[in-house]
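Read off the chains here:
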Amino acid sequence: MRVRLLDIAHARSGDKGDTANVGVIALRPEWYPVLAREVTQARVKAHFDGMITGDVQRFELPNLVALNFLLHGALDGGGTLSLKTDAQGKVFSTALLRMCIDVADDEARTLGLPAAP
Amino acid sequence: MSSDKIVRVASGQGFWGDWLDAPRRQVEGGQVDYLMLDYLAEVTMSILQKQKERDPKMGYARDFIGAMASVMPAVLERGVKVIANAGGVNPPACADALLALAQEHGARGRLTVGVVTGDDLLPRLDELLDGGHALANMDTGAPLSSIRDHVMSANAYIGSEPIVEALEQGANVVITGRSTDTALTMAPLRHEFGWGASDWNLLAAGIIAGHIIECGAQASGGNCMHDWRNIPDLADVGYPIVEVRADGTFVVTKHANTGGRVSVPSVTEQLVYEMGDPHAYITPDVIADFTSIRLAADGENRVRVHGITGAPATDKLKVSIAYRAGYKAVGTLVYAWPDALEKAQLADRVLRERLDRAGLRFEHILTEFVGVSSAHGPLSGTTDPPEVQLRIGVRGGDRSAVERFSREIAPLVLNGPPGVTGFAGGRPKIEELVAYWPALIDKTVVQTNVEVRA
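If you read the sequences in order, they're chains D and Z.
Quick note: the first sequence, position 81, residue 81 per my numbering, numbers continuous.
Quick note: the second sequence, position 16, residue 133 per my numbering, numbers continuous.
Looking at chain Z on its own, in the form it has when it is part of the complex (with noise of 0.2 Å):
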């Protein structure tokens, strides 16, 4: 192999709801090998599990079907493959979607769809746990007995092994579900480089790379705070690409002719985005220390990253359970000058004395003054500020309780404080809660599997 080789892996999705546009622009702009696309978030899995239990066909990241038609010429005429975890909890269905897609193209044959399984626990839930596998909260220690009755779904976040297993049987399309988003950027690289399962340090490069791209345009400019009045054009912004070398040193860069910005502190402010303990990033491949990166401008728009070591990963896979916990509803009014922050004030106290002469009780109650004090609480100071949003929330195991508070917001617009207005868009909407529970199991128990249908 050439030391030379460079292979380029684009971010086109950083999240389920991301850009339209980006994906096809990725493949349009410029030279490119793989596309990456990230669909999953912790919440997405549980609202896919809905789904999937009113239509067994459904469960699946559906955006990214029209990503997959926008893309396709460049998929079919210049071979740029794509690595996307948009099968949720039900990746078998993305890829018939998928397959009824490229017949519509008349690509039939053409289009070679690996399908990765196995990350889905729900079905053996019981069995685990009878094996004496706790799935205790990784947070407060309580065992999942304890909200057992409650859980949509669970998925253990699978690496890159089976995703390079299925570009090695000749797949163009990988569809995964609840792998971790940087296998999607690592798994292309280990296959295009050979980088070996104990290469601890090419395969932190490998995380890294994938951390870097993705969140999208996160690293190229978008929600980007330094110098943030002269980034350029992110109406057009480019989404980042990494172009990766064999010994594990890669450069951050986007298409030529975009707009948004790649530089030492936009790529370092995605590095620190989310981060935990930056000496251990825990993968299911490998642990990653970010104290270890070098960044360098290298070049308008490119950003060079090298130095990165790693060490070898543990014996376990975090899971991700998602569980039904109660309700929550949130109203909002805006009150105007003059007093407008005591007026907001006085509308909060009468709406929870009527909550509570009502009987209503809940888990929790929350009030935030939007203009004032949301974002930046206590830090804010005082003021008088033209305008404040009222801003409050319930949640609680009683749905009818949620119901009734979300009734008790609209009669204050003519029986409460008086400069209120902004109640357009009718009742607060109840929500059904989901909570989030994260475990460890052991990687043995974890079969993926890998199944390539053209």
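One chain only, chain D, in its complex shape (with noise of 0.2 Å):
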């Protein structure tokens, strides 16, 4: 079945230099170790391709039921030398949320979670 991230996690982004963050948290706990499996690092740097010149990384917060990621290069320069919109970074949070994975019927039925519209 096909999962959106934007149905089973909130998000929220922010900068540091050229760097975009994007923390992105389970809705349930239970639906935690689907998003730890399925975003990957590189998922989520094929999902960012063109929209970012650098490298991605990914921490795991299983306490917070939260991964952490760093997206280089995502913010045209950064902080004041930007010249885009997002200069700060503030909207990558609901970017990385479009993501669809997918997830096998029997786990999807057994967790609960809801299909792609």
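Hints are computed from structural coordinates only; laboratory data are not their basis.
It is possible that part of the hints are untrue.
To be verified - The calculated DSBU-like cross-link candidates involving lysine-lysine, where the alpha carbons are at most 30 Å apart (straight line), are:
no., chain 1, residue 1, chain 2, residue 2
1, D, Lys16, Z, Lys167
2, Z, Lys433, D, Lys16
3, D, Lys16, Z, Lys560
4, Z, Lys560, Z, Lys174
5, Z, Lys435, Z, Lys174
6, Z, Lys122, Z, Lys560
7, D, Lys16, Z, Lys546
8, Z, Lys546, Z, Lys167
9, Z, Lys167, Z, Lys433
10, Z, Lys122, D, Lys16
11, Z, Lys433, Z, Lys560
12, D, Lys45, D, Lys90
13, D, Lys45, Z, Lys546
14, Z, Lys560, D, Lys45
15, D, Lys90, Z, Lys546
16, Z, Lys167, Z, Lys560
17, Z, Lys546, Z, Lys174
18, Z, Lys167, Z, Lys435
19, Z, Lys435, Z, Lys122
20, Z, Lys169, Z, Lys433
21, D, Lys90, D, Lys16
22, Z, Lys435, Z, Lys560
23, Z, Lys174, D, Lys90
24, D, Lys16, D, Lys45
25, Z, Lys546, Z, Lys122
To be verified - Chain D is nowhere near these chain Z residues, computed Cβ spacing over 12 Å in every case:
no., residue
26, Leu218
27, Asp344
28, Thr561
As the list claims (entries may be wrong) - Derived contacts from chain D toward chain Z, CB cut-off under 8 Å, selection only:
no., residue
29, Arg12
30, Pro29
31, Val39
32, Ala42
33, Gly50
34, Met51
35, Thr53
36, Lys84
37, Thr85
38, Ser93
39, Arg98
Where is the CB? At the ideal position from N, CA and C, for every residue including glycine.
Mind assembling these two chains? They're in different frames, but the hints should get you there.
So this is what it looks like as structure tokens:
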């Protein structure tokens, strides 16, 4: 079953220099293992292809049922140099929540995951 | 000391420009012991430095004086203490202005102001470079000498120690320059509970309490994605408060009868805000481990935080250096249906060709189509929007080229593609660019000073 991150997680993003961070938090604790398994460094890097110039780093926070991603080279130079509307990376959060993942039907049913619209 | 003792630190400002009513609401809405006001962002220091160059009595966050006027009765009559990094690049001048205000309120002698200085490295910059401190850019490794002539301000991020010292000397208001945001919350906790300089777990708890409340309402329902439709009464949002115990456990809450929401999701969103490596949140006081944090709902609008661990601080301080980096301008036009995006794209091509024919060269030009792709880029997908804002910016070292660019937007209204509007704002403003240079320096080099004035 196809599942959209927007329906199973919430997020907040911010900046540090030319790097945006996105913290992704499972809406239910039992959904965190799916996030941790599916939302890999490689998938996030591919998701933001063409939007960032640098690498992606990924960190796990099982205590907060959250993942943290650092998106390097995301902010057109960052801070005051940036010419972007989103110079401080405020809406990279929802950009990541556009991602869809595939979950086996059985597991999706057991966990009560909503299907992507 | 009783283990039942609770110290309440309230956040009243999350940045310079935050809600003017918040400080007063925090001291009048219920019991608080300390009011924490955070005014400084990376870019703020250079703005303040420019102001100080024009007038040596300036260079601090002037909003702070208005905030203090609004909380003066609570400070004088109920003993609420205030910790603020409002001093910017001129904490002594900020203290002068505050003491003048105290006199107006008939409070001279009843306000004891602690002034923390020593973070300003600008006067010492050449001495430091000559002494072998390269102040290399943390991100690129480039030596500071490459931009030395353009430096406007240079400040070390200092920790809680000098603020604690000011409180021990009896200050009821402490003004700092470039303290870390988190130190403003940590210092009163160290002062009240006597936490030592190597009580790493307790210090980490203080830092995380500070991180949760340093952005004001972002922890209590503001900018909160989780269940945003149902967050009550944001018009009357209550700013966050931490109720801390001597063992480093604390509750995040807000005053009763205020709007917003303090919940595990709202606090978690703030915890991940601007997060780097969660295992190592490095501050001058301690390295806090965000993977140790435990959150639990503790009643309505109350979240209990416990389990926090920390590791010894490093022997370095971060230095924030601001330098002149040319000019920029950003112009916008609005294109309406039909074919709004195509028309905006044509206007972009026309404009760029004119800039090119005029011989103008920029370090960088960026075009965005607001309403289509400025927020989520190629992820947005294709669409035929009812309207599109063309937003084009340039950046470069040649001010005259940036000025000429700013005159090239308006003509498009009459000599570019049709269906255009939205130029009421006039020519784009030329901004002088100030860039940010992060570096590290040995802690031993930075000597802080505390002066307590009445």
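Problem - Unmet hints by their number, sorted upward, for this structure - result: Result: hints 6, 10, 13, 14, 19, 23, 25, 27, 30, 31, 32 and 35 break, sorted rising.
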